[in-house]
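*Asks:* In order, the protein sequences belong to chains E and P.
Under this note's numbering, the first residue of the first sequence carries the number 1, and numbering increases by one thereafter.
Under this note's numbering, the first residue of the second sequence carries the number 1, and numbering increases by one thereafter.
These aren't lab readings, by the way, just hints derived from the structure by calculation.
Just to be clear, a hint being listed does not mean it is correct.
Intra- or inter-copy, both count: the list cannot distinguish identical chains.
[As the list claims (entries may be wrong)] Straight-line distance between alpha carbons at most 27 Å, and here's what the computed DSS-like set of lysine-lysine pairs gives:
1) K40 <-> K2
2) K40 <-> K64
3) K2 <-> K64
Just so you know, these numbers come straight off a predicted model, no measurement behind them.
Number of protein chains: 2
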Amino acid sequence: MKARVNVMLKTGVLDPQGEAVRHALGSLGFAGVESVRQGKVIELDLAETDRAAAQAAVTEMCEKLLANTVIESYSVELV
Amino acid sequence: MKARVNVMLKTGVLDPQGEAVRHALGSLGFAGVESVRQGKVIELDLAETDRAAAQAAVTEMCEKLLANTVIESYSVELV
Chain E
1 MKARVNVMLK TGVLDPQGEA VRHALGSLGF AGVESVRQGK VIELDLAETD RAAAQAAVTE
61 MCEKLLANTV IESYSVELV
Chain P
1 MKARVNVMLK TGVLDPQGEA VRHALGSLGF AGVESVRQGK VIELDLAETD RAAAQAAVTE
61 MCEKLLANTV IESYSVELV
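Use the sequences and the hints to build the structure in full.
*Replies:* Set out below in structure tokens:
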């Protein structure tokens, strides 16, 4: 089973990487880009075949390693 | 209009970051993680309100800045 995890900085947390992308887009002539937030996407290939067990395992992985829950939020999607 | 861009390394391109995550998950006791690929997600807030124009603009941003199309593939999603 495949899982996709999206990790984004929480709203209100400064995102210098996204801000740099916004500036760069402006310099390249792309007008009308109001804000940019950059995050991570992690695709996992799991041996687990049970959806509920996979969801629980991936959520635990996020809490322990994949996301810094102080400043980041995550979402898990099974595909 | 909001757009979400997913940038992943193309299949076959070595992903040391993903590999490091896989090892770390193994060390933490998560068995059955067969492979991990890590990519970027970029959320853009656009002034553009026309879907087709927004899609075209974001695709051009990907080609010019957001993705290195030699080794990365991208997908654009309007939300």
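*Asks:* Taking the hints in turn, state whether each one holds.
*Replies:* For each hint, the structure was consulted:
1. K40 <-> K2: both (16 Å within a copy, 17 Å between copies)
2. K40 <-> K64: For K40 and K64, the Cα distance is within 27 Å both inside one copy (16 Å) and across copies (20 Å).
3. K2 <-> K64: For K2 and K64, the Cα distance is within 27 Å only inside one copy (19 Å; across copies 30 Å).
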